[in-house]
Structure formats: C-alpha cells, structure tokens
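*Asks:* Here the protein sequences come in this chain order: A and P.
Taking the numbering used here, the leading residue of the first sequence gets 20, the next gets one more, and so forth.
Taking the numbering used here, the leading residue of the second sequence gets 20, the next gets one more, and so forth.
Keep in mind that the hints were calculated from the coordinates and are not lab data.
Careful, some of the hints might be misleading.
Heads up, the list lumps identical chains together, so a pair's fine if it works in one copy or across two of them.
As the list claims (entries may be wrong) - Below are the BS3-like pairs computed for lysine-lysine, each with C-alpha atoms no more than 25 Å apart in a straight line:
no.: 1; residue 1: K168; residue 2: K383
no.: 2; residue 1: K56; residue 2: K86
no.: 3; residue 1: K341; residue 2: K299
no.: 4; residue 1: K443; residue 2: K197
no.: 5; residue 1: K255; residue 2: K176
no.: 6; residue 1: K197; residue 2: K168
There are 2 protein chains.
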Amino acid sequence: MNQLDYFFKPKSVAIVGASRDPKKIGHVIFRNFVEGKFAGKIFPINPNAEELFGHRCYPSVLSVEEKIDLAVITIPAPIVPQALEECGKKKIPAVIIISGGFKEIGNVELENEVSRILKKHKIRAIGPNCIGALDPYSGVDTFFLPRYKLERPGKGKIAFISQSGALGSVVLDWMAMKGYKISKFISYGNAVDVDEADLTEYLANDKETDVICAYFEGVKEGRKFYDVAKKISSRKPLIVLKGGTTSEGTSAVASHTGSLAGSAEIYSTAFKQAGVIQAKDLEQIFDFARVLSTQPAPKGNRVQIITDGGGYGVMTTDWLIKNGLQLAKMSHQNIEKIKKACPPHVVVKNPIDLTGDADTERYKIAIESAMEDPNVDMVAVIILFQIPTLTPDIVDVVSAISDRKQKPLIVLAAGGRYTEVLKKSLEDFGVPCFSYPEGAAEALRALYEYGCCVNAKGAKR
Amino acid sequence: MNQLDYFFKPKSVAIVGASRDPKKIGHVIFRNFVEGKFAGKIFPINPNAEELFGHRCYPSVLSVEEKIDLAVITIPAPIVPQALEECGKKKIPAVIIISGGFKEIGNVELENEVSRILKKHKIRAIGPNCIGALDPYSGVDTFFLPRYKLERPGKGKIAFISQSGALGSVVLDWMAMKGYKISKFISYGNAVDVDEADLTEYLANDKETDVICAYFEGVKEGRKFYDVAKKISSRKPLIVLKGGTTSEGTSAVASHTGSLAGSAEIYSTAFKQAGVIQAKDLEQIFDFARVLSTQPAPKGNRVQIITDGGGYGVMTTDWLIKNGLQLAKMSHQNIEKIKKACPPHVVVKNPIDLTGDADTERYKIAIESAMEDPNVDMVAVIILFQIPTLTPDIVDVVSAISDRKQKPLIVLAAGGRYTEVLKKSLEDFGVPCFSYPEGAAEALRALYEYGCCVNAKGAKR
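So that you can see chain A by itself, here it is in the shape it has in the complex (with noise of 0.2 Å):
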C-alpha cells in the first residue's frame, strides 16, 4: 500500500480540534465526516469534550486505543508541533495540516520544526495552511466551507490539484454545479512534505483518476515536477494551469504565496517537453478535462463538421483553422450517401450544413458517416436545438453513436433553458458539450496534441 493512500481510503480518521462551537473550522470537518459518506471510524480528538455528535471524544490521539490511518489538524498553529509528536507516537502514517499561520505569515521556524517532526516520525503530510482532500468515492472531506456556500461534486474521472485554497474551493464548488464530477481534490497549500509532484505520480498511478488537472503559480522542485510529468503524460492526461505568466502576475505571486514564479516561457517550454497540456484559464482546464476523459485520442487533425446553422459553421470553422486543425475531406462514397439521404438543398462539403429543416435522421446519417470514414479524425457536431423540425430523440442518437468510441465526438449547441437542459443530457452520456466555437476548438486542439504524444510513445490508452 501506498502511504498516500491513508489521505484518500483512511479506515480511521482522528479530527484533532474537533470542536462544539459550529464556527470552528474543526466542527466542520467533523461534521463533514459524521454526516457525509464517509464509512470508516471516527475519533474527535478535544481535551475540553466528552462527545461530540455522539461519539465519544479523546483527550489526545494517545488516548484512542485503535489503530488512526489519518489525523486532520485543526489546532492553532503554536501546538501542531507537539499534536504531530503525539501522532508520531501513535505511528499514525498521514496527516492534514489545515491550520495556517506558517511559512505564509513569515513563521520559517515553525515549518521547519513540522518538517523535522515529520521526518523523524516518517509521516506523510498535505499543507499546512490548505483545505484539504475531498475524495467523493471514500467520503473523506476535509473542505472546512458551509455546504450551501460550496457544494460538492460527485463520483467521476477527473483530479484537480490546486496550490490556491480559495482558488481551489471556486473551482470546487463551479464543477459542482456544471455536474462536472471528480476523482480526488486536493489543496496542499505550503507543501511542507507532499507537493504538486508526489500528487501527480500518485494520481497518475490512480484507478478513480483518468485525467489530472493542476493548478499552481510555482514549482517547489522543477526538475522533481518535470520527470513526473515526462514519465506520466502519455499515461494520462496532465493539464496544468499556471498563475503568474507575466512580470506583473509573478510580482503578485510573490505577494500571494511566496513562491518564486520563475518565467513564463521556461514553465511553458519544460510544460511542453514534459507532454503537459497547458491551460490559459480555469475554464479551459475543465473543457479540456471533460474531452479528455470521455473521448478517445485522436490519430490525426482532420476534423469534420456537420451543422444546422450556417453561421455556427462559418464561426467553427474559422476558430478550428485558428488552433492549428484542418478540416477533413469525406470520402466520395460517403458524401454519395449522405447527398442521396437528403434533400438537394443540403451543403454536403465540410462543414456539411443539414440546414433549417434537418430532422434527427439527417444527423444521423451524417455523423455515422463521418465517424466511419477513414478521412476524418475527429467529429464536431453543431445541434442547434431551436429549429422547429429537430425533435429531442437527437440527444439518443449522438448518445449511441458516441458510445461506439470510434473516434472523437464533441457537440456544439447554444440557446436557453431548453437548450441547457438537451445539453446535460447529453453531457450525463458522456458527450462533451460547448456553447461557442472557440472553446470547442480550442478542446480539440488539446485532445489532438495529447494524441501526438500518444501515438509518439506508441503507448495506448
């Protein structure tokens, strides 16, 4: 077993600073673990209660008789040393620093006694002054937010790592309400023992994770991070956003968290030769997620595009060409087939424009063209939901036929609450959606590079 293992599947978790005043951040933790899903054992570590929310509560970790797989540090930051010491002692293996009040604030020395102690007890530890892991599958939850405040995700693919607390629980709290659903979520904060490389190898080596998304403004050890990174990107998708890509930026780093941002080209060509894909927002890296975990890797850059609106295929077209794709020539057979299924007035080139009055079948006859033609390496499909003889069954059919996984399929389609609602189901089947040409494209991009590097490696997914 992997120690960091025990931060993500504990059987026994002690919350130290488990406390009654619901305004503590180790109320919340405990009450996470109390009335979330997680199934293992539970000890409140709080010299000053008999029990909380009926469990029975533990002067110190010392004092619980059974084995503890992971402490959460809730205490001021003054007496973590000596709450770490107690957890040596009781050979518990991992350890979650939430509180602050370290590195961040100027306290060197008071890190540097965690990292001996640490060291000396050969204990893993996430943070200090971090939020946490959240783990939907095992139930641990660590996020000290009130849940109407923040919401959670629910079981899926994809791994976030976030260095930024705040920017970290933004984050958490949007997928949730995109339904986007993750894996693991881990905020590290000052990375005293684990840092963004240690995460990264853990993950990659992560049944539950298929994709890993980071978010970080500097590395704690370049090299470090890099080999990992080479060693696993053609494994798994490794999507990377990084904060401070200008002098200004790395000015405000430096006033954030101390990090030594370095420069933005350096980052982006070691990103580059590592195979990681670089985000430029936070919104990319989940459009980058969703088509990297539900599509398969593409073998090539020909993209083929088959609409209802013109103009949404003038647009898609244009942003495709601007990321470096091309589009893709059908064969004449198939353009055959699809011209003598449809009436003369639809535009079978690329974008193939089923026009105002397309109907389900036109779809249909089109996409199953398209995803079999050997010309075509990656389908875009525009639906837009509104025109009158389109009827809902379309969402069935795109589902099935992406299903098949012959090649990748995203969908293109903008409008309101009608619309939306289309849209997440087909999202719910494992198509990913986009409401603007740019982010399609620009998902498609990413999706075509990490095929590159696939296929370079000769691996396989």
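Since chain A is already given, all that's left is putting chain P on it; use the hints.
*Replies:* Just chain P now, with coordinates in the frame of chain A:
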C-alpha cells in the same frame, strides 16, 4: 418620422399568410401579435379563412379599410411579388418578408423582381429569407419559433443585428436565459432593401438603444457601412462579430449566405479605422455590450484589482497585462487609509489582497478609495463569495458605489449556485460580472478602446 420606424413601432400590422394550421409560420407569427404585448391593430390576411383568434380575416391587404403600417409576408416565394404589388397599392410603408426561396437557393430573378416592386412603390423591406424583427417595447415579434424552444429577452438597451437567422435566434434564446435585455433584434437575411448599414444608422438614432451589436459574414456595400460606422462610433458603441476570418471560413460563408466574406485583414483594418469594436466570438459580443451599456468611458488604461483570493488576483493581473492594460498605482494617501482600516496581513499593493477573512467593510474602504483615486481609471473587484467571513450585503455596497458612475467597475466571481444568485443581483443593479479573468480583461480593454475613441473626438457619453 423615419420610414424604418414602421418596422418597430407600427400602429397596425397585417400578417399576410396568417393560417389556422399551427405548424405554419403565418400561424405562429399571428399568434405572437395576438397573445403578445403588441397594442396596435392586427389584420390576418388569408383568402381561405373567415376568422382567426377572434380577428376577421381579409382576402388581401387591399380589402382592409384602415391604414396598415407594416405587412409581414409569410407566403411561398412565387406569390410574394403579387402580395407586394398589393402592399404598394395599399401604400404600406414597410414590409418584412419572412419567406425563403430567393437568391439563397439561386432564384436571383425572383429576388430582383421583388427589388423592382419595392422600389416602384417606395416600400422599405427587411428580408427576404429572415426571421425579422423583435421589439420588446412595442411587442412586434415576427420570430416564428415556439417560445418553449426560444425564449424572448425583456426590455433593455442593447440592439442586435444578425444576417444569419439561425444564429440570431440562438443568441436571442441565450440572452433571454442570461437575463440580458434588448431594445431591438433584427435578422435581415438576404437584405434585398434594408441592410446592415441602414439598420446601424437607424439604431444610432434610436433612444431605446445604447449599444449596437452585429453579426455578419459579409457587408453588402462596404463603403456605405464604413461611412455609417465612422459617423456613429464615437456616439454609440458598435460591436461587430465577423464570420469567415480564415480562408476555410470564407469558403464556408460562400456555401452559407453566398456573401463575399472578403479578406479578414481588410475588414479588420476598416473596422478599426471606423471605430468599430471587434468581438472574437458570440459570448464576447455580450461581455462587451454589458460593460459598454452600463459603465462610463474610462480616461485611461490603469486598473486597480481588489481581491479576497490571491490566485484569482494573480490570474487577473496576467490577463490585464496581456490585454495591454496597466496596473494602477494608487496614491500614498489612499494606500495608508486602507492599511489603517485593515489588519496587517492585508496586502495593499496592486492587486489589493483583502485575503480570505475579508468582510464587507474591508471591501467598502478599498473600493471607495480606488474609485476616488486620481491614479486609477478602472476598478476590477474579485469577490470569492465562498469565504466564511463575507456576508451577502457586499452586493448592496458594491451596487451603491457602482451607481455613482465615477469610473468603470466590474466584478469577478466564480462558483456554484450561491455565487450565481449574488452575481445575478449585481447584474440587475447594472454591475457587469465575469466568471473568469480572461473575459473580464478583454471587456475592460474594449471599454478602454471605446474611451479612446470618445476622448479623441472630444465627444461625451
């Protein structure tokens, strides 16, 4: 009275082709007028019916005794010329020809005949092959898509012109869902008479319109549009999204509207010279429109960032710089004022990081100081509503400050349902909100460019 007024504020409307069959376009449009907010007279024209929704049917516009301001033509293309002759005899000043089947499918001669009849009778016409016009103030609504598939936005200050009908309806639907409000919405199709230049000029003088947005693939008469744009662009922001900006996109345009998309560079240069604000995608049109319709023109490009999350501040810094904006340097006096009012861990630089324990009072002092500081031209306020110490009254404080319109102020906030509710409140108060730094920075850049255009002409908004 401008003849184009009859399209939007008619006192009486005839629907040529009003039908009892709910699947017919003439039925849907007539119903829009009967059941909608239109307060004028309505005449269904249908030789085969006696009555429709309690309204007497007429066999022709000529059999209507009263004056008709606007005729909406929904009959098949071959019989459109005859209907137009009758409109001419009846001295109807304006017609919207919804019917398709003209130049777009090769029937050039039929379209030329329509053109001749219109000129002969001095009728102004929108269309053919279009969705027509929507005016939430007067209740004119020729959009023939059912409301459950296509919602309608409320009364506002943003006008939208679209050459493409499908694209227009998608945009309309999406705006309605987002709560963006409009003054007028026009899909003008083949533009046999009224074109993008006529509509732009008309909207420039329209009191209900503060910002004009347009999507087109090609301009009918380049010089005419250029002259109009140049004339109005320092008085009212004109935002254009041009479809077909790559050579592949240009080919797609040819298959779509048959327009000559022209060189992207030529358009781009001409737009710039004419003071047109160019949008790169649909979402950006409305990001720009929201900011331009609510915020004053800035005097310069110096932006003060105020945040409660360091990571978001870093990313916003990066994007502002990438968009050619500068970080403002607040006066010593204001910096000291904020420092005095905040705990020592608050970072009073640019970004001002109020940190994760910020409250409404801290935001109030920081925003007010930035708004009155002579070294600040625009203010970007990042509010991560998830932090425990922040209460919803931040919405009231930010709205009240923004209402003074001292200088542009926008809000950045991302998250789930709780955050979305508060953002919607801010938007309703006229504070433009953005989820991600990229979109926010691009919108501030557009505002700055418009400010330059206004300042250069010495004009005032």
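*Asks:* All hints, please: hold or fail.
*Replies:* Hint by hint, here is what the structure shows:
no. : hint        : result
1   : K168 / K383 : between (42 Å within a copy, 22 Å between copies)
2   : K56 / K86   : within (20 Å within a copy, 71 Å between copies)
3   : K341 / K299 : both (16 Å within a copy, 12 Å between copies)
4   : K443 / K197 : both (9 Å within a copy, 17 Å between copies)
5   : K255 / K176 : within (11 Å within a copy, 48 Å between copies)
6   : K197 / K168 : both (15 Å within a copy, 21 Å between copies)
The earlier numbered hints are all upheld by this structure, with none contradicted.
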